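Chemist: For the record, the sequence lines run as chains B and V.
Heads up: the first sequence begins at 599 in my numbering, then just goes up one per residue.
Heads up: the second sequence begins at 3 in my numbering, then just goes up one per residue.
Since the hints were made in silico from the structure, they are not lab data.
Quantities reported herein were computed from a predicted structural model and do not represent experimental measurements.
Quick reminder that beta carbons are idealized off the backbone N, C-alpha and C, glycines included.
Please note that the accuracy of each hint is not assured.
As the list claims (entries may be wrong) - Sample of chain B residues lacking proximity to chain V, with all beta carbon distances greater than 12 Å (derived): (1) ARG863; (2) LYS891; (3) GLU892; (4) ILE1021; (5) SER1294; (6) THR1449.
What the hints assert, rightly or not - Per the computed footprint, the stretches of chain V lying under chain B, defined by three or more beta-carbons under 8 Å from a beta-carbon of chain B, are: (7) 77–83; (8) 97–105; (9) 111–124; (10) 222–234.
Unchecked claim - Partial chain B-side listing against chain V, Cβ under 7 Å, derived: (11) PRO601; (12) ALA823; (13) LEU827; (14) GLU963; (15) ILE970.
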Amino acid sequence: MRPEWRLATNSLSARRSRTFLLIAAVALSAAMIAAVSCAMASITKAIGLQLDQTVGRAELRLKSAGRGGMMPASALETARGWSQTQSATGRASGSLTILFRRWALIPNSEIAAPASLDFSPQSEPVGVRFDPTWQPIEIIGNSIATGIDPDLEPSFRALTLVEGRWPRTAEEIVVDASLVDAMGRVNGQQYRLLPRESLEGLASPQPGQVAINRKSESITAESAATANLVHKPKLGDTLLRFRVLRDPQKLKIVGIAPKPPLGVRWQAYLTLEGLAALTGQENKLSEVDIKLKEGIDPDTAVEQLRPSLGPQYLLQTTERITSSLNNNMKSNELGFVLATVMAFLAASFIIMTGLSTGLTEKERELSVLRCIGATRWQLSRVQLFVGAIIGGVGGLIGVPLGVLFAFALATYFREQLPTGLHISPVGLATALVGAVGSGLAGAAFPAWRAARVSPLEGLSARAKKVKRSAIFALLGAAVCLLLLELGLVFLPTDGQTVFWGYATLGLPAMFIGYFLLGVPTLLLVSLLLGRLVNAALLLPAGLLNRNIVATPYRYGFTASAMMSGLAIMVALWTQGRSIMNDWLGRFEFPDAFVTGLSLTPAAQQKLETLPFITGTCAITLQPISTDAFGVKALQRYKSMFIAFEPEPFFRMTRLTWVEPTTKEGQERAERRLSEGGAILVAREFQVAQGVKLGDSFKAIAEDRSHEFEIVGVVTSPGLEVVSKFFSIGEEFTDQAIHAVFGSRNDLKDKFQSEAINLIQIGLKPDTDDQQALMQIRTVLADSGALDVGSGKKIKEDLRSIIGASLVVASAIAVFAMLVASFGVANIIIAGIYARRFEFGVLRAIGASRGTLVRLVLGEAIIIAITAILLGTALGLQGIISGQRLDRMLFGLELTVKPPIGPIAVGWAFVTLVTLLAAAPAAFQLGRKSPRELLASMRG
Amino acid sequence: MSSVPLSNNNGAPSPLVHSAPLRSLSVKNVVKSYRHGGGQVVALRGATLEIDGPGFYAIMGQSGSGKSTLLHLLAALDRPDSGEIYIAGRAIHGLTERQATEFRRREMGIVFQQFNLISSLTAADNIKLPGLLAGEDERFLEGRCNELLEVLGLSDRRNHRPDALSGGEQQRVAIARALLFSPPVLFADEPTGNLDSASSNKLWSLLERIAAEQRMLVLMVTHEPAAAVHCQKVFVIRDGAVFTSFETVTEEGALDAAGVAARYQQSIS
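Start from the sequences, fold in the hints, and give me the full structure.
Modeler: Structure follows, in structure tokens:
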């Protein structure tokens, strides 16, 4: 092994800059994989923590069958009476509108557009004024409140308080740290200014060392934020529970809970009695957690106990709740695996091209080694060692870099990830092994080529003519692979077969196919555009083309290495635009919504009294299991059963009927809904599953299954999207997509689910949205409302979320292009080095320095154009295949309309990056004298 | 270059010297052709050559006569289409790939016109390279390398890379590499093609000494009469066959360069 290792290390150290570039390409790929794996592990940990806190140490959970429903408190006694029960505790859930009165420094930015809220209909608005002293304000916020048994709760729930203790009396409250932090801020919060005397007994703080903007003598936003945070709620402070037309109720903070992860809504904890006093729901529980006696199997216990419970109750093992999270994570893991494979495939292509180019340059050396007794296998091993070293060093550098980047992300998003960075050993090992693997894979072809070097061939200075048959063979192989991918996607009729065929074979085949297509495409580009580029760069006629045609493999594979990033960008933006236009654009959201865990009919009645409201419709949301969507082996998506009173719903909602198409048919369908046993399904069901009118649909919820007749197919008004937007459920365990529509009576009869989760509101034309929402909030502040939103705003927010996601995802594409640029730079340098004698001859016979520089840049332009063609085509084929999958797995019908703007930016970026990668080597070549270049033939 | 002889103190050859048997090199009716530019080029047409015993020999011929092709076949760098080649009694024409590699490693040395050193290795590493490839003991290689460096006057250049050596020094490193295992034969393909006349003279003298003191068969391809002066016999190749040969030492005395040139011209006319 010694000589091969020595030759490998010598070879790498003799070409330091090129070695560095190849290692950098691998390191960046490894860093990306390591960062993503740590990010995923951190998110999983955060979700797991949330679940731990939610599920706790209980083995069984008893709750109301209907979503958001309450049970009588006697259910707790029943559970305690079971012989299998060791202990049981009950909880109640509700929503709470909390006020916090405090002193605050109002920064200048707030003066211009204060987020003040006057929610007392009778009071005069308090004028906003600038005054460099502290102002009394009242901050308002909504939280989910949980009533607990303080004696038993700590033994059931794995939630350790940051400070203080659990509440013991009805006047005590524990709040979470994110609520505390939010109430320490003024910017972006809802608040109103108070009269000075309202904070009697609480001495006004001095301005202290607050930074002033000297030009305007105003307080800066940053210094105000720092000063305000000091006055956030703390142990012993008083919070107020808002009540309309009554004095607020006082609650003393006795404990602070950790921040819930992932932006979950604020949490507050009270005693059961305390919550009942606030919500008016006496002797009601949301759930009962049960610990079983030693040795009792939870599943067996459920089977034994369930028959004794009525249909209004649901008894589940807690393992079942957590297992759905694991399923969701599995699909993310597959995506991670695919991304890893693609990233390292790209890196190995870069290494392969770089090493192959180096091999061409060292053919003479290889021949000499054969002459003095090296075996073929020894020469192969040198290449494999080179690949392993590049991969290994790249991995060792990239993995810590990735962890560092993940740490930076976890720090930046510490609000959403209170568990901090979690390192995934499997992910890091994958990154390292993948890096070494990509090095070895990239070295495989050069190793094979090195073994084929004959002792004599490399010693003769003859240039080898490129065999046309080899180019055609490459073209043929590429076309076969691309056709294979298309065949795997478009020929099978079953979505599951298409998915697995695509994931395991089709996607790699497509990638490799386009990679091989680099050489024939380059020759085509050279043929069509070479003359133009040659002339534009003032090069001697035919020089550029001749250079390219002489070594098409080097340039072609270089272009292939550049294509991935652009392909990602093309696919992302095309898909993003399709989602915006074809999916989001179809939704006609109602004017406004109110959401809550369990809104009361009284809440709906209060809304009906507001003069600007034309109508309301109470809606119950129930996730149901269905096999219609998703990849079965990975993740079962739920759908949403949206239940409403048909008459007000159809009056208010602009549903688009797919079937039936006639007015009579639609009216008949509406009547059938009112009669019961019938549903409408979203169009996606028809697209994915081919359902039609009269078919039977089985809805399964909480182990109860009922069949409905399909009486219509409609374009969804997006209510399931709205509910996700307001995050009122355990969305990370219940991934629900698309919807079916039925009556509330049916849901109540069949699934015992009747809690109102959403009230749809119609507004009069010309109503000011913001004013209307403010009034609605005020009216419903003590009616269990969690959120109030405008349909128009939701749509705008969704657009900006999708837009922002596209920008973030584009960063990945840019990153991929930068990784490739290291490889491109390496190959261009290697190519120049291999041809330095030729360049010396050109200089010797009269070519100027500028000619050589422009020649290399011209080659880079041809490479860039080829990369643009390949990347765009790869992206489009990927999108076409992806949309077939969307159709078959999710019922989404999206059109392929690539947005020219972002794609053109991608093209420009590829060109720029390629030229920048080539420029340093080109200018360095220009600086060398003819003698230096010609001396390369010596030895 | 060092004046230390290439033998031990008693003038006897160093222990690693092979004593070459009679008929050290034998080429019988060797034919070799290549595919070139779409057609077939016959480089050797039944070349026949016999060399008995060690010594310094030259093959001369015009460009395209087949002299380098013949040398390459002798060095087992390629295989003849037909015919036989024996070196030190061993049949070279039928060697397998593995056997040819082994032969090139230990049984012969070769020196090229373009030196062909590994640019990323030092002079010492270049010399040791065949031994490293053969898996030889590092200490043996180090000792042998030092010996060769001293003999060839390169001790103070051992840690220099090829780009820091002159042409003559590079060629001497190449010779040292070829002599690592003291092979019975040493082939040189236009070894002075890239050297000036002074360096060339020195190199020819060195090869002559190696042949004499190491009792090695040294066969050099050249087109320079001044090189052939150092050889004891010149084989003339023409149109792919060994046409004739002549001794450089005649009854009238040793031929000089002009004499060799005249005899060569006479041979081919």
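Chemist: Run through the hints listed earlier and report the numbers of any the structure violates, in increasing order.
Modeler: When the structure is compared with the hints, numbers 10, 12 and 13 turn out to be violated.
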